[in-house]
Amino acid sequence: MTAYATTRNGFRLLPEYFDRVQQADLAAQVMGALQDAPLFTPSMPRTGKPLSVQMSNFGPLGWVADRSGYRYEARHPVTGTPWPAMPQALLELWEAVSGWPEPPQACLINVYGPQSRLGLHIDADEDAREAPVVSVSLGDRARFRLGGPQRSSPTRSLFLSSGDVVVLGGASRRFFHGVDRIYPGTSTLLSGPFSPGRINLTMRRVHTGGGAGTTRS
DNA sequence: TAGTCGCC
DNA sequence: ACAC
Numbered sequence: 001m002t003a004y005a006t007t008r009n010g011f012r013l014l015p016e017y018f019d020r021v022q023q024a025d026l027a028a029q030v031m032g033a034l035q036d037a038p039l040f041t042p043s044m045p046r047t048g049k050p051l052s053v054q055m056s057n058f059g060p061l062g063w064v065a066d067r068s069g070y071r072y073e074a075r076h077p078v079t080g081t082p083w084p085a086m087p088q089a090l091l092e093l094w095e096a097v098s099g100w101p102e103p104p105q106a107c108l109i110n111v112y113g114p115q116s117r118l119g120l121h122i123d124a125d126e127d128a129r130e131a132p133v134v135s136v137s138l139g140d141r142a143r144f145r146l147g148g149p150q151r152s153s154p155t156r157s158l159f160l161s162s163g164d165v166v167v168l169g170g171a172s173r174r175f176f177h178g179v180d181r182i183y184p185g186t187s188t189l190l191s192g193p194f195s196p197g198r199i200n201l202t203m204r205r206v207h208t209g210g211g212a213g214t215t216r217s
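Here the first sequence is numbered in full-length UniProt numbering, starting from 1 and rising by one per residue.
If you are wondering where the hints come from, they were derived from the structure by calculation, not from laboratory data. Don't take every hint at face value.
Here are the simulated distance ranges between beta carbons [as the list claims (entries may be wrong)]: (1) GLN22 <-> THR186: 14 to 24 Å; (2) ARG143 <-> LEU39: 19 to 29 Å; (3) GLY48 <-> PRO193: 16 to 26 Å; (4) GLY185 <-> SER152: 30 to 40 Å; (5) SER52 <-> THR186: 15 to 25 Å; (6) THR155 <-> TYR70: 16 to 26 Å; (7) THR155 <-> ASP36: 31 to 41 Å; (8) SER52 <-> ALA28: 32 to 42 Å; (9) TYR183 <-> GLN22: 17 to 27 Å; (10) LEU158 <-> GLN115: 14 to 24 Å; (11) SER152 <-> ALA28: 23 to 33 Å.
Please read these numbers as outputs of a predicted model, since none were measured by experiment. Cβ coordinates follow ideal geometry from the N, Cα and C atoms, glycine included.
Please build the complete structure, drawing on both the sequences and the hints.
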């Protein structure tokens, strides 16, 4: 069996979890979903400053950000329609690596251009804070930064490549993290408007209980 | 503070 | 480190 590196904080990097064919299939499913749930530009609460990353979602709930704040919504902020279904391959990934008995309720699609960044933050908009966060990298390499429970905690950086899977479990679930930069032209997976660029798929459990996750409280 | 800028 |  393959031994993947696990920190004592519950952070796991699974390099090249998906092979090239699986990556291409995932990318194709993202392209298809974006036809129904087009990318939107999230913005900061209060200031309304746009983020440099564009987003959409799979699943019963989707993460959105605007002047009103960060939250999960069952419908696309622009089209008003429900998010596309979560791809089976992602549900299987969650089942294989999350160790969580219930399925993910949200999968955020983050699309990075060559200039996109994501500042240090903690995923804090979920009730289910004990459930791990599982993410997949597609396309160009990125420098990922992982800190600690406080903004002032020391950080370390690591490279994420296409097909890599990251699990933020245990204590690391509540650690600051972000994306410092994208390295354009370091992958040939994506094409068209997403090349150069990177797509990250991030699955989360939003509410505790609820089994299939389709019930709204 | 899911931001930007600028310096070493 | 800033200013929001």
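Structure-based check of all given hints:
1. Checked against the hint of 14 to 24 Å, the pair GLN22 and THR186 passes, with Cβ atoms roughly 19 Å apart.
2. The hinted range of 19 to 29 Å is satisfied by ARG143 and LEU39, whose Cβ atoms lie roughly 23 Å apart.
3. A C-beta distance of roughly 25 Å is found between GLY48 and PRO193, which places it inside the suggested range of 16 to 26 Å.
4. Separation of GLY185 from SER152 is about 35 Å and conforms to the stated range, judged on CB atoms against 30 to 40 Å.
5. At roughly 19 Å, the beta-carbon separation of SER52 and THR186 lies within the given 15 to 25 Å, and the hint holds.
6. One distance hint, 16 to 26 Å for the beta-carbon pair THR155 and TYR70, holds here, with the actual separation near 22 Å.
7. As the Cβ distance of THR155 to ASP36 is approximately 37 Å, the hint placing it in 31 to 41 Å holds.
8. Checked against the given bound of 32 to 42 Å, the beta carbons of SER52 and ALA28, roughly 25 Å apart, lie outside it.
9. The beta-carbon spacing between TYR183 and GLN22, approximately 22 Å, falls within the hinted interval of 17 to 27 Å.
10. The given range of 14 to 24 Å is respected by LEU158 and GLN115, whose C-beta atoms sit roughly 21 Å from each other.
11. Range check, SER152 to ALA28: about 42 Å between beta-carbon atoms, so the 23 to 33 Å window is missed.
Hint violations for this structure: numbers 8, 11, all remaining hints satisfied.
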